[in-house]
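J.: So you can see what is in the structure, the chains are spelled out below.
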Amino acid sequence: MSYIRQTQRAGLLFLAPYAVSFFVFAILPIVLSLVLSFMRFDLTNQSAAGFVGMDNYREAYADPYFWNAVRATLFFAIMIVPGLLVIGLSMALGMNAMARGQHQVRALIFLPAMLNVAVTGILWQWFFNGQFGLFNFLLKGLGMGPQPWLSDKGFAMPSIVLMSVWWSVGGTAIILLTALQQIPVMYFEAASLDGASTYQLFRRITLPLLKPVMSFVVITTTIAGFQMFGQAFMLTRGGPELSTRGVVQYIYETAFNSYRMGYGAAMSWMLFALIFGFGIVQLRMMRRTV
Amino acid sequence: MPFRTDWGIKGAIGVLATVVVALGIGRSLDSGVVPIGKQKVSLTFWNGFTGPDGRTMLEIIRDFNRENPDVEVSMQRMDWATYYNKLMVAAMDGRGPQLFVVHASTLPRMYRAGYIADSSSLYSGSEAIPPSDFDPYVLEQVKFNGKYIGLPLDIHPQGMYANADDLKAHGIVDSQGNAKLPANKAEFLAAIDKLKTPTVWGFALTLWRNNFQSLMPQFGGRYLDEQGNADLNNPGNIAALSFLGELSRKKLIPPPENGLGWVGYRQHKVDMVWDGVYMLGDLKRLEGLNYVAAPIPQIGPKPGTMADSHVLCVRQGISSAQRDAADRFIRYLSQNSIRWASAGQVPARKSVRELPEFAAMPVQSAFSKQIPYMMYPPRTTVLFELTLEIDVAVEKVIRGTADAKTALDLADANAQKAIDRDRREAKSGVTP
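Here the protein sequences come in this chain order: V and H.
Per our numbering: the first sequence = residues 1 to 290.
Per our numbering: the second sequence = residues 1 to 432.
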C-alpha cells in the first residue's frame, strides 16, 4: 500500500466519528424530512400515516397562517439585514480607526453574542416591560409617554428586530473589522497623495474591497433572519394576534404542538426554497457589483 | 517499520472513536425499557411539576420508595410545553416513561396515539379505588370507549385571589370585618371601581384565554356542539367575551401594554385576579401579601369556571411486574393526595376533600366549591388549534381590534376547518 493511500485511510478513519454523527444527525434527518413532507404523518394518528403526494405543499399554499408567518419572517429579515450591515459596518469603521483600546472594545461589543437567546429574551422582556421597563423609564425621563413595545402590532416586530440587532451586531462588526484590517494601507496612502477625500477613500476603496465580505454577511444574516424563532418566541410568543409568529415558529407549533410532522416538514422545505431563492438572488446581485 | 506503527496507532484511535460514537448512538436508540432487576422494579415517572409542586411530589415519591423497597420510582420533570413534546416523541416507539402525568384535556390526543394503557384495573379488585369516590364529570374525562385510561389525581379550577388588606382598607368587608370577595357581577364591578387608585388596579386579567374560559360556562357557552363541530361563536361565548371586552374598553382593567396580571398582583399593583389553584405555591413564597381566595364571581346567569385535572397514566407494553408496581404507586399517590393538595391542588377524590386537613386549606377548599359547575376544555384531538383560535379572538377583543362576535365567528370558522381536516385524515386510518 502506498504512503499516500495509507495516509488517506488514516485520515478517513479520523474523520469517521464526525462523518457518522453528521450522517445520523444532519443528512438522515434532512432526507427523512423530505420524505415526511410527502406524507400524512400525525403522531397522534400513526395508523393513518401514508403518502399523500403534494397535498401538504398544496395545503401550505392555501393556508393563510403560513403566509401570515411568511410575511412576519420577511418583515423581520428585511429590517434586520440592513440594520446589522449598517450598524455593524459603522462599528467596524469606528474600531478600525481606534489607536488604542481596540481589543477591549471588540470584546465588549461581542459580549451580547455570547448570551443565548433565552437569556437575551428575558433581559429584553424587562427592557420592554410596559410598566417597569427600562425603555419606558427612559422615555418618561424625556417627558414622553410609555410605548407598547411588545403589545402593539406596529411596535412588536421592530422591537424584536432591535433586540436581535443588539444581540448579534457584535459578530457582524468583528467580521467586517477583520475584513477592513485586510485592506492594504498603501491603497489609502496612494489615494490620499492623489488628493482623495475621506468620503472618496471610503466610497472608492473601502466599500469595493469590503463587498465580498459584505455579501457573505448579507447572505448569512438573511438566512439567520429567515430562521428567526427564539427571539419572537421569548418576547411575544408570536403575538400580538400572531403578528410576530415567523415560519419557523409555525413549523414548530405544527410539528410539536399539533404533532403534524408531514405538514411541518413540507413547510420546512418551502422555507428552504425561499431562503435558497433569496440566497441565489443576493449572490448574483453581489457578484455583479463586486 | 515506523510508518506502519504510526498508521496502526492512528487507525486504532480512529476505530476506537468510531466505536465510542456508534455505542453512544446505539445507546440513544435503544428501547429505553428499564431492565427488571431481581430485587427491584424500576419505574420512570415523567411530569411537568417544575414548581414547588414538584418538591412536594418528590417527597411523596421518596416516602413511597422507602415504604416499598421492591420498587424504585424515579421522577423526571420538565416544563409542560417541552414535556408534551418529549413524551409524545419518546412514547412513539416505546421509549417513553412507564408512568406519566397528562392533563385531562390532552387525553384525547394521547389516547389516539395509542400508548396509554387501560387502567380500569385500578377501579376494581380488592384494592380498588372506588369510582364513586370521584365526581362523575371528572371521572368521565378519563373514560374512553368504556375504559378508564388513567386516574385523576387532582382538579385545578380557576378561582379568584384578592389582596385582603386592600379590600379591608376600602371597606369591602363582611359582618365580621373580614375581607369580602365579590360574589356576583354587581359586587365585582363595584369592588373594581372602589379599589382602583392611581397606582393600583382593582382587577387585571392573567391568562386572557383562561379568564375567558372561566366565564364561558357562566353564560352557557361551549366549545363544540353535540356532533363535535366547532361552536365558538355561540351566544354564551359572545356574551362572556363581550364582558371582558367591556372591562377593557371602560378601562376597568390595565391596558394590554401595561403587562400587569399575576405579576401585578404579586407586587400589590392589582387587588384581584382570576387564576388557577396551582398559583398558590407561588403565593406561599411571597412575604407581605395577605391573600384570600374565593370562587370566580357569578358574572353570567349561572356560576361557572374552567378546570382541568392531572391524570396519572401508564404506558402500554410494560412488563407485568412494572404494571403491578405502577398500580401500587398510583394508588399510593391517590391515597396521599391530601399531601399533594398542600402544593396547591384540589384532590380529585371526594373522600380526601372531606378530610379536616383539606378544610384547613382555605384556598384549596374555596376553589373546590366550584367543582359542581366547573367546565373542562373540550374533548378533542385538535385542542391546540382550537385554543389558538380562542387565544387570537380573545386578544382581538381585549385590544379592541374586533368585537366579540366578529372575532369568535372567525375563530369558529378556522376551528371548524381544523376539525374537518382532522376528521378527514382520521378516516384514512384506524383510530383506536
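Honestly, the hints are just simulated from the structure, not real lab data.
Be a bit skeptical, because a hint or two may be false.
Lysine to any residue pairs mimicking SDA-like chemistry, simulated, CA-CA at most 25 Å apart [as the list claims (entries may be wrong)]:
1. H:K143 / H:R222
2. H:K284 / H:R62
3. H:K417 / V:I280
4. H:K417 / V:W67
Have a look at the derived ranges for each label pair, beta carbon to beta carbon [said to hold, decoys possible]:
5. H:A359 / V:M144: 52 to 62 Å
6. V:R58 / H:G220: 31 to 41 Å
7. H:A359 / V:L111: 47 to 57 Å
8. V:G53 / H:W80: 33 to 43 Å
9. V:W126 / H:G171: 45 to 55 Å
10. V:A273 / H:K194: 58 to 68 Å
11. V:S47 / H:W80: 20 to 30 Å
12. V:L115 / H:R285: 53 to 63 Å
13. H:W80 / V:P29: 22 to 32 Å
14. H:N178 / V:L111: 16 to 26 Å
15. H:R55 / V:R58: 29 to 39 Å
16. H:A359 / V:R58: 39 to 49 Å
Every residue gets a Cβ at the ideal spot worked out from N, C-alpha and C, and that includes glycine.
J.: Confirm or reject each hint.
T.: Structure-based check of all given hints:
Straight-line distance between C-alpha atoms of H:K143 and H:R222 comes to about 20 Å, which keeps the hinted pair within the 25 Å bound. Of the supplied pair hints, the one linking H:K284 and H:R62 holds, its CA atoms being roughly 23 Å apart against a limit of 25 Å. Only pairs whose Cα atoms come within 25 Å are accepted, and H:K417 paired with V:I280 is rejected, the gap being roughly 37 Å. For the hint pairing H:K417 with V:W67, the CA-to-CA distance comes to about 17 Å; that is within 25 Å, so the pair holds.
At roughly 53 Å, the beta-carbon separation of H:A359 and V:M144 lies within the given 52 to 62 Å, and the hint holds. In this structure, V:R58 and H:G220 meet the distance hint of 31 to 41 Å, their C-beta atoms being roughly 39 Å apart. Between H:A359 and V:L111 the Cβ separation comes to about 55 Å, which falls inside the hinted range of 47 to 57 Å. Between V:G53 and H:W80 the beta carbons are some 36 Å apart, a value that agrees with the proposed interval 33 to 43 Å.
In this structure the supplied range 45 to 55 Å is violated for V:W126 paired with H:G171, their Cβ-Cβ distance being about 36 Å. In this structure, V:A273 and H:K194 meet the distance hint of 58 to 68 Å, their C-beta atoms being roughly 59 Å apart. In this structure the hint that V:S47 and H:W80 lie 20 to 30 Å apart at CB holds, the actual value being about 27 Å. Evaluation of the 53 to 63 Å hint for V:L115 and H:R285 yields a failure: the beta carbon distance comes to about 27 Å.
At roughly 26 Å, the beta-carbon separation of H:W80 and V:P29 lies within the given 22 to 32 Å, and the hint holds. Restraint check, H:N178 to V:L111: a C-beta distance of roughly 53 Å breaks the suggested window 16 to 26 Å. The given range of 29 to 39 Å is broken by H:R55 and V:R58, whose C-beta atoms sit roughly 50 Å from each other. One distance hint, 39 to 49 Å for the beta-carbon pair H:A359 and V:R58, is violated here, with the actual separation near 59 Å.
Violated hints, listed in ascending order, are 3, 9, 12, 14, 15 and 16; each of the other numbered hints is respected by the structure.
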